[in-house]
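There are 4 protein chains.
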Amino acid sequence: MRTGVWLVGARGSVATTSIVGALALRAGLTGPTGCVTELPELRGPALPSFADLVFGGHDPVATPLAKRADALAAAGVLPARLVAALGAELAAVDHEVRPAPADGSQADRAAAVVADLTAFRDRHRLDRVVVVNVSATEPAAPPHPAHTDPDALAAALAGPDEVLPASSLYAYAAFTAGCPYVDFTPSTGARLPALETLAARHGLPYAGHDGKTGETLVKSVLAPMFAMRHLTVRSWSGANLLGGGDGANLADPDANAAKVRSKDRLLGEILGYVPQGHTRIDYVEDLGDFKTAWDLVTFAGFLGTPMRMEFTWHGCDSALAAPLVLDLARLTAAAHAAGRRGPLADLAFFFKDPLAAPTHSLAEQWDRLARFTAALHAEHGGAA
Amino acid sequence: MRTGVWLVGARGSVATTSIVGALALRAGLTGPTGCVTELPELRGPALPSFADLVFGGHDPVATPLAKRADALAAAGVLPARLVAALGAELAAVDHEVRPAPADGSQADRAAAVVADLTAFRDRHRLDRVVVVNVSATEPAAPPHPAHTDPDALAAALAGPDEVLPASSLYAYAAFTAGCPYVDFTPSTGARLPALETLAARHGLPYAGHDGKTGETLVKSVLAPMFAMRHLTVRSWSGANLLGGGDGANLADPDANAAKVRSKDRLLGEILGYVPQGHTRIDYVEDLGDFKTAWDLVTFAGFLGTPMRMEFTWHGCDSALAAPLVLDLARLTAAAHAAGRRGPLADLAFFFKDPLAAPTHSLAEQWDRLARFTAALHAEHGGAA
Amino acid sequence: MRTGVWLVGARGSVATTSIVGALALRAGLTGPTGCVTELPELRGPALPSFADLVFGGHDPVATPLAKRADALAAAGVLPARLVAALGAELAAVDHEVRPAPADGSQADRAAAVVADLTAFRDRHRLDRVVVVNVSATEPAAPPHPAHTDPDALAAALAGPDEVLPASSLYAYAAFTAGCPYVDFTPSTGARLPALETLAARHGLPYAGHDGKTGETLVKSVLAPMFAMRHLTVRSWSGANLLGGGDGANLADPDANAAKVRSKDRLLGEILGYVPQGHTRIDYVEDLGDFKTAWDLVTFAGFLGTPMRMEFTWHGCDSALAAPLVLDLARLTAAAHAAGRRGPLADLAFFFKDPLAAPTHSLAEQWDRLARFTAALHAEHGGAA
Amino acid sequence: MRTGVWLVGARGSVATTSIVGALALRAGLTGPTGCVTELPELRGPALPSFADLVFGGHDPVATPLAKRADALAAAGVLPARLVAALGAELAAVDHEVRPAPADGSQADRAAAVVADLTAFRDRHRLDRVVVVNVSATEPAAPPHPAHTDPDALAAALAGPDEVLPASSLYAYAAFTAGCPYVDFTPSTGARLPALETLAARHGLPYAGHDGKTGETLVKSVLAPMFAMRHLTVRSWSGANLLGGGDGANLADPDANAAKVRSKDRLLGEILGYVPQGHTRIDYVEDLGDFKTAWDLVTFAGFLGTPMRMEFTWHGCDSALAAPLVLDLARLTAAAHAAGRRGPLADLAFFFKDPLAAPTHSLAEQWDRLARFTAALHAEHGGAA
Ligand SMILES: NC(=O)c1ccc[n+]([C@@H]2O[C@H](COP(=O)([O-])OP(=O)(O)OC[C@H]3O[C@@H](n4cnc5c(N)ncnc54)[C@H](O)[C@@H]3O)[C@@H](O)[C@H]2O)c1
Ligand SMILES: NC(=O)c1ccc[n+]([C@@H]2O[C@H](COP(=O)([O-])OP(=O)(O)OC[C@H]3O[C@@H](n4cnc5c(N)ncnc54)[C@H](O)[C@@H]3O)[C@@H](O)[C@H]2O)c1
Ligand SMILES: NC(=O)c1ccc[n+]([C@@H]2O[C@H](COP(=O)([O-])OP(=O)(O)OC[C@H]3O[C@@H](n4cnc5c(N)ncnc54)[C@H](O)[C@@H]3O)[C@@H](O)[C@H]2O)c1
Ligand SMILES: NC(=O)c1ccc[n+]([C@@H]2O[C@H](COP(=O)([O-])OP(=O)(O)OC[C@H]3O[C@@H](n4cnc5c(N)ncnc54)[C@H](O)[C@@H]3O)[C@@H](O)[C@H]2O)c1
Ligand code: NA
Ligand code: NA
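Going down the list, the protein sequences come from chains A, B, C and D. Residue 21 in the numbering used here sits at position 21 of the first sequence, with consecutive numbering throughout. Convert by adding 384 to the 1-based position in the second sequence; the result is the number in the numbering used here. Convert by adding 768 to the 1-based position in the third sequence; the result is the number in the numbering used here. Convert by adding 1152 to the 1-based position in the fourth sequence; the result is the number in the numbering used here.
Sample of chain D residues at the chain B side, in silico, Cβ under 7 Å: (1) Arg1386; (2) Arg1432; (3) Glu1437; (4) Leu1448.
Since the hints were made in silico from the structure, they are not lab data. Nothing here was measured: the structure is a model prediction, and the numbers come from that model. Yeah, the Cβ is synthetic: ideal placement off N, Cα and C, and Gly gets one too.
With the rest of the complex left out, here is chain A (with noise of 0.2 Å):
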């Protein structure tokens, strides 16, 4: 199953890292670690095997793929030697990814690109491309009446307009080439009316909203403990300290409060009440690509008690993240391969904010994706 993996944003540090780990997983360079699609309960043959995935994307960004590899090195992100042993292998994705249209109308723009995916489809000989939003994040998109209806928006997007965030225009196009579609952002993407209902009549699954790496991924047992101990939490703060591109761009107010939010829902929705307290995200040009969260949990127990819990998590996020990716790419086309459509809630697992968002417990989510996953493997050997 020759699978195509569209990276939106592949020249920054998640797509660098998720290409270069492809890549040494083909060769044999490197082990799965971090490979939830490794794991003995969910591998299995209805998943393109890594030397199926080929890559290709878009970025405005022109650093070739092997310099970004070399800052990564540099930063202790990627080891400095798969790098080196990989410079052909990355050179040859290089030839793959498209500058980000930016001339034109909307459409003009939604069209370079489906002609952009349809061409890689086709001189590949791919049975399928799934397009995978990892560009920085947006600011909240303000509402648009198009928003709500394909044709109005069509139309709405030959016109003058700046009609659909960038996220979304690539949801758009992604669907126009008949390509399944996955957010590991926060930003919009195909979460509007209009998109959903294009993905609906193409047939299409698609997956979101911002990959779960760090202090979302630990809240999202932390707080399942809180609540199967009858524990009363009361308050919960935290403090996101972060450098590299995505903490660059996350210094603007706006993205800021695009990521925040989509971090906040989660502690509402596990515990049955909102505790007090506040998550920030600052950048720290320092950190680099390493994140360090710091949350305080105070807490009540029986007869009142007040107690207390603090966790600091020092993670790599371009490395927590770009074996997600890849996962959700395989999975994504396994998903399309067998006929699902629409949002893939099973995909919960992944992301901080996920779409039509079953239960952010990270163990609940996990017996959905193991289900699903298993679903997947029997049809596909039903089929085989």
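On the provided structure of chain A, position chains B, C and D with the ligands as indicated by the hints.
Same frame as chain A, but now just chains B, C and D with the ligands:
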């Protein structure tokens, strides 16, 4: 369903907090925070109500419960107003706390315990008495040939040797008196073949070991998180600082070793390998009934990138333990009423070192507990 | 040396804790923990004794001190037994707390404060009255042309404008009444040219700004450590979570900004460069009078090796501040008695943002304080 | 002033980092971050320049320095580009590292060390050689009657006994060869009456013990902070996790005990009382040359209010130690040149367990160091 709760170590911190809490709940002076069996998912008709519980127990120490409770209030464990309001009720329980039998052969002491249990059950016309061990942690017990067989055991107890550690002698007496037995401590308790056979002969359920209240509770959700994400835990180190009676007792190296062993099993079983690192327990008198645990976890992600997490847990051990003691008494009473027998593996949720350890993942333990409780309620409903 | 201590904000947490503590010390009910002036290195004859101190003050709020003290006892700030034992003494101080003047022009209000101060001094036959501002932090004050000259200021105050922020109006009144003034808050206080001239005219000393009690105290020893070791601090980020009245007030963005500015000066001055990073203050009601500060410091060592340090401070702000308020009142009274005038730079030890900031290193501040106090004692001894 | 730096343990992590760093400084490839003697307050003409330093040493291990340096680069301790650039220079130093003498009586071994030192000094026409012990920490040495007198010692060394631990045998040889001696480890070194007398006879200065690089450095500023604020430290507990060669060595309980003792003296001396709590050192291989220390301090403020502070230090031990080794070599050489003799108490700034311990407060140690260095520069200027 009038249910006796017989606490071994009835004047200790955990016992006193359990008793004050149950009396306060019965009087409507407090809510059930921390009581797992009061969560909507577990609540139901099969469990005795708080008003159904009658307390008694053994302790070598004679300090009145009200005095212990005052000390716990001064230490911030209990609200002073509750202790003040419950003076009469506490005095009533005081009459049901017997000195721990200390004279004669172990057979004589076991007989004295049986007599106390039987008299208590009769005096209060109780449907059953659940014996819960919350006494000081013992050093690991030396093996003895009579540990494998109930008849050999009965014979040996009549002799001059200290054949059984105290926790096991209480289990022996409990089973002999027809009482289910719960071990909230890491001590040997019912974990001897002779006692398991004895419980089977009497058709009795039992549960244990070592209430899971702090660092291990957190581990039981964090370790599965690393496992579900296919992240490699390189090391996991823990420093536990605690004061209070339990802390003083654990300053004894042998008791400490028993406790650490009980804490250490979890990681290997959840992760499938044993990471580097040590767990330490140190006595720091100034911490009183609070415990501070600090854990450092180093882990490797995609392509081997090294990352780290640390957490500090600052919990009031008795306030965390007491509602679980009530939960265990209620659940074990209901299990007994429903004819369950043998080790209650479905209560693993409550223990650091669960009997018949089906799993150490808190989420999976929760699922088992929920199914177990639902079955009890369903049977009870059917019977009603 | 009978000394009045006039607290602006006399019913707040810091003021109430100061009063209860001084009364308890006088009554021999507690020891001088936290009182710097009771250390062997500083103690001596020039300072008024605790028994010499007489309390009064202004506050717009009318809650009796005993009620505020009860609330602080419930919150774990004050021992309940002390509050109970000091009922009569607290009621006596209550009579000396006046409503904050609120009517008329600012000149009228200043005159009312002068009258209150003078009457208090006379009524109690005090040698002097030290005015200490412990009221809520103000937003930064807008500039006004009359701020540069005392005569222009006197004229402007008689007009309809709010020429001075409250803290400065109190400083104006204090100086007019011949009283030294201490600002324990980050508010403007005496920091206006007109007020500095006024203090000089009256030959009065004054001190400030912003009592150093938590994160900044720690910074004032850690930053010199990095400097003395020639380690390069790359970033220093701080998250401050606090409840209580001060916390609620700081939830106001302007007051917050004033406080953060006052905290931020230190690093640049000690290190000689400003590292990356931000200081945040967030209100978390559940923390009550306690504050949790978390700081992350990243630094580079030999050959650029990156390292990191983090600390969590969990302090009771009022309990840390109150003994310093007493120290400052005693030291400022002694300085006044010894004829010191102008800004007391030697009291920098006590402040986040010291007047005439000679140094921010705590150890150097300590040396200055010790020399300053020794001189006062020596002169006093000579005079005796 | 051509100065030899003779490193006992010359192939260890600290030694290798010191050598690479000095060579890089000499070649202008790096800056003096971490070098205290390069601060404006200490810099000056009395100290040998980096270009004046010539390295040699003893080690039983034969691994070439370049190989050790490569390993340290892979572990993130040294920048790989520095190691690559300094290949020739490292090979040159390699020729000056001799196998640690292992045969014959202790007198024979001492004579071999003396011969190595003398030949090194002559071969390079050095003004002097400073011997610095950076070898593995020894267990505490058993007492021996010959430890009190140099002549008895000389006699005993010729016999078959292991009279001196290795660190002391090196000190003996250094003094015999007319070389000042610095002990960067907690081992016995020069701390025996016989050796002190010997140093005095030869008019030699010496310094030690145990370089202060992590937890203890932080303690030496935090403990004075609590003392200066008259806050009562109730408990101070520390967990030290470290990998690397030093960590593996400290896994040995006896070496561990020596190290803990050396760390524990400080608190009692700064605070005037010994708080509760323990210091633990645990080996965690995965941490490599980095050390994570976690400390919990509980303290009481005004009216006894309980508070707490914790810190985590994550430092690269070798990168912290190496510049201090260079500082100590330069300062001790200058002291020798200036005719200082006996224990250099003014170098306490550098040590966990300083000789003639004048004070443990870092700020006071800094003041002494600055005065000491200023005097050396002044004398040197006078002499020039
Ligand atoms: N790393 C994580 O752990 C993590 C977790 C969840 C979500 N995310 C999200 O993933 C995204 C990428 O993160 P990153 O660290 O790689 O950021 P990055 O800044 O390194 O990369 C973003 C890339 O997107 C490109 N880009 C910007 N606008 C674009 C456009 N219109 N079309 C195509 N490309 C565009 C940029 O040129 C850049 O190369 C962010 O939105 C981040 O919030 C990351
Ligand atoms: N508090 C927690 O979070 C927690 C969690 C898990 C397990 N535990 C275990 O619970 C037990 C009780 O803890 P605690 O804090 O109440 O300790 P504690 O020291 O306050 O109380 C123990 C009591 O047991 C009594 N005792 C000692 N020997 C006895 C005997 N032979 N027969 C009857 N009573 C005896 C003592 O007199 C004392 O009153 C400990 O074993 C502890 O390890 C506690
Ligand atoms: N607690 C600390 O550690 C600490 C440290 C440094 C500075 N401070 C400063 O001390 C001040 C007091 O802190 P707190 O915790 O007691 O706050 P609080 O809110 O408990 O008390 C402030 C009091 O000031 C009174 N007030 C408000 N406006 C006034 C006015 N115009 N005239 C007179 N009184 C007025 C309020 O009614 C209140 O009673 C704050 O400015 C705080 O920033 C406190
Ligand atoms: N790194 C720090 O921050 C720091 C701080 C204070 C003290 N120290 C001390 O410095 C010493 C060195 O630390 P390290 O990390 O370099 O350890 P390491 O294990 O890397 O190096 C020790 C070296 O000493 C050598 N050695 C052992 N016995 C010897 C002998 N008899 N003669 C000569 N050499 C011998 C070993 O072969 C090894 O090469 C330790 O004692 C440590 O406790 C280190
Ligand atoms: Na921490
Ligand atoms: Na912490």
